[in-house]
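Let the sequences and hints guide you as you build the complete structure.
Protein chains in written order, with full-length UniProt numbering: chain Y, 1 to 141; chain U, 1 to 141; chain H, 1 to 141; chain B, 1 to 141.
Hints are computed from structural coordinates only; laboratory data are not their basis. One or more of the hints may lead you astray.
Said to hold, decoys possible - Using 35 Å as the maximum straight-line C-alpha spacing, the simulated DSBU-like pairs for lysine-lysine come out as follows: (1) B:K121 x Y:K121; (2) H:K90 x H:K3; (3) U:K3 x U:K90; (4) B:K90 x B:K3; (5) H:K121 x U:K121; (6) Y:K3 x Y:K90.
Every value quoted in this text rests on a predicted model; they were computed, and no experiment measured them.
Protein chains: 4
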Amino acid sequence: MSKTIIYTARVEFGDCDPAGIVWFPNFFGWIDAASRHFFASCGVPRWEETTRTLGVIGTPLVDTRARFVSTASYGDTLQFAVHIREWREKSFVQTYRVTRDDPEGETLILECEEVRIFGGKRPDGRMRALPIPPEIRALCE
Amino acid sequence: MSKTIIYTARVEFGDCDPAGIVWFPNFFGWIDAASRHFFASCGVPRWEETTRTLGVIGTPLVDTRARFVSTASYGDTLQFAVHIREWREKSFVQTYRVTRDDPEGETLILECEEVRIFGGKRPDGRMRALPIPPEIRALCE
Amino acid sequence: MSKTIIYTARVEFGDCDPAGIVWFPNFFGWIDAASRHFFASCGVPRWEETTRTLGVIGTPLVDTRARFVSTASYGDTLQFAVHIREWREKSFVQTYRVTRDDPEGETLILECEEVRIFGGKRPDGRMRALPIPPEIRALCE
Amino acid sequence: MSKTIIYTARVEFGDCDPAGIVWFPNFFGWIDAASRHFFASCGVPRWEETTRTLGVIGTPLVDTRARFVSTASYGDTLQFAVHIREWREKSFVQTYRVTRDDPEGETLILECEEVRIFGGKRPDGRMRALPIPPEIRALCE
Numbered sequence: 001m002s003k004t005i006i007y008t009a010r011v012e013f014g015d016c017d018p019a020g021i022v023w024f025p026n027f028f029g030w031i032d033a034a035s036r037h038f039f040a041s042c043g044v045p046r047w048e049e050t051t052r053t054l055g056v057i058g059t060p061l062v063d064t065r066a067r068f069v070s071t072a073s074y075g076d077t078l079q080f081a082v083h084i085r086e087w088r089e090k091s092f093v094q095t096y097r098v099t100r101d102d103p104e105g106e107t108l109i110l111e112c113e114e115v116r117i118f119g120g121k122r123p124d125g126r127m128r129a130l131p132i133p134p135e136i137r138a139l140c141e
Numbered sequence: 001m002s003k004t005i006i007y008t009a010r011v012e013f014g015d016c017d018p019a020g021i022v023w024f025p026n027f028f029g030w031i032d033a034a035s036r037h038f039f040a041s042c043g044v045p046r047w048e049e050t051t052r053t054l055g056v057i058g059t060p061l062v063d064t065r066a067r068f069v070s071t072a073s074y075g076d077t078l079q080f081a082v083h084i085r086e087w088r089e090k091s092f093v094q095t096y097r098v099t100r101d102d103p104e105g106e107t108l109i110l111e112c113e114e115v116r117i118f119g120g121k122r123p124d125g126r127m128r129a130l131p132i133p134p135e136i137r138a139l140c141e
Numbered sequence: 001m002s003k004t005i006i007y008t009a010r011v012e013f014g015d016c017d018p019a020g021i022v023w024f025p026n027f028f029g030w031i032d033a034a035s036r037h038f039f040a041s042c043g044v045p046r047w048e049e050t051t052r053t054l055g056v057i058g059t060p061l062v063d064t065r066a067r068f069v070s071t072a073s074y075g076d077t078l079q080f081a082v083h084i085r086e087w088r089e090k091s092f093v094q095t096y097r098v099t100r101d102d103p104e105g106e107t108l109i110l111e112c113e114e115v116r117i118f119g120g121k122r123p124d125g126r127m128r129a130l131p132i133p134p135e136i137r138a139l140c141e
Numbered sequence: 001m002s003k004t005i006i007y008t009a010r011v012e013f014g015d016c017d018p019a020g021i022v023w024f025p026n027f028f029g030w031i032d033a034a035s036r037h038f039f040a041s042c043g044v045p046r047w048e049e050t051t052r053t054l055g056v057i058g059t060p061l062v063d064t065r066a067r068f069v070s071t072a073s074y075g076d077t078l079q080f081a082v083h084i085r086e087w088r089e090k091s092f093v094q095t096y097r098v099t100r101d102d103p104e105g106e107t108l109i110l111e112c113e114e115v116r117i118f119g120g121k122r123p124d125g126r127m128r129a130l131p132i133p134p135e136i137r138a139l140c141e
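Shown next as structure tokens:
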């Protein structure tokens, strides 16, 4: 388990497609920002610093699942509630519940569940999953 | 079942993040282009035209699942093999197998499976799922 | 002349390129959002509404000039000071001064000057420049 | 003067905004890809390699000017004719003429002129303009 952090995004005109609704890849852009925002809010430093101290260059995605419930359009403000549901040996499960506050109450826009790793570089330059750094996990709990 | 169509994308410098690899939301941008390319290759006209003829404004995503296997970087050319695995009453399952041709053979980059609908506008402006238009299904098989 | 409105943007990891700095097209994304934010802050309604009331579908860009002074990276918060410098008969000049507050003071990131029009659709579907709607100009001054 | 290289881009649904036309920041994305494509076509290696051999980490933009003449929409294929108009001591002027082949002939979409530098990192991590590397200039002429 972990803290839950809220990331807020405004939907802009350019985030929407010719159907007038958010073009779905942009949701993943905000989700990635929300993931990073989660770690920053917990006190995890920039990846340049963790590269030096822990060999962690970032948290690449290995698996994602998203369920789109309602559309959103420009002018909307979206709340992304971010949470780490599970810590595994070399990966973790990060979840996102995305909502919009409407006059008639909260509207669920989408839910997303990801598996990410703490990525390090192998000598040949390829990415590998590092064991969860205990320093980072402690900051997030 | 359906035809399988190949969509090709070049990875550009600006598609990559500070870790030097494709920023994952960009994969979903190409996947969305590949989905549209599939229909265009099958002879389905632009959504403006199907809006007039069938009330179909596009194929919004309701669910997606992706598994990221290898990273990609700028200079790479990626092949997206697109296919409709299943036709349901008011939705369909579209799949993507993304590969790169390397000197030592084909490298699997990611696999993605989506549920999409043929979307129409309700009188209140919200989106609804239309029954699969038989004209479109016939073009895709 | 016009009001000056401040639009604020956070720079995210995914906004940066393999050199670790903002990929410049993303600056134009924020500039476009800042332009729309200027009109929204002045009380101009959404383009769907102005399409109905004034025939104005948006404010397409006809000319832009930008001068990039300092780089920015993820974690930065940028201020976009937006202003309409000049109203012409069928176009207007909108300017942006983009800064970051640093410990040692304000850092200029870039300056941009655009010519935009209030766009309407011609019967053949192409775009044309409408005379500046006095209702909109009054809201912005 | 330099060679002229053609970069080709397809306009996708997701490149377009609620007005149904290309959202202009996407033109700058293609322009940046076209700039890199120019150097790649001339035989200039990836920036990781030039970082090691010449200290050149890329070609950051210092000034850009674009004039938008016609709109484009999804389904269009655009040609970007890229050229280096002028070599200065520590910068160069790169130009882009963007067209679409239409049944009635070539349509001019936009013209863009940029000033870029060959960027190196200063000891404090900030960017500086390097003298034009003669090896790179020779490849481009």
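Hints versus structure:
1. The straight-line distance between the Cα atoms of K121 (chain B) and K121 (chain Y) is roughly 22 Å, inside the 35 Å bound, and the hint therefore holds.
2. With a C-alpha separation of about 20 Å, the suggested pair K90 (chain H) and K3 (chain H) falls inside the 35 Å cut-off, and the hint holds.
3. At most 35 Å may separate the alpha-carbon atoms for a hinted pair to count; K3 (chain U) and K90 (chain U) meet this at roughly 20 Å.
4. The hinted pair formed by K90 (chain B) and K3 (chain B) meets the criterion: a straight-line CA distance of about 20 Å does not exceed 35 Å.
5. Proximity of K121 (chain H) to K121 (chain U) is assessed by CA-CA distance (about 22 Å); at most 35 Å being required, the pair is judged to hold.
6. Proximity of K3 (chain Y) to K90 (chain Y) is assessed by CA-CA distance (about 20 Å); at most 35 Å being required, the pair is judged to hold.
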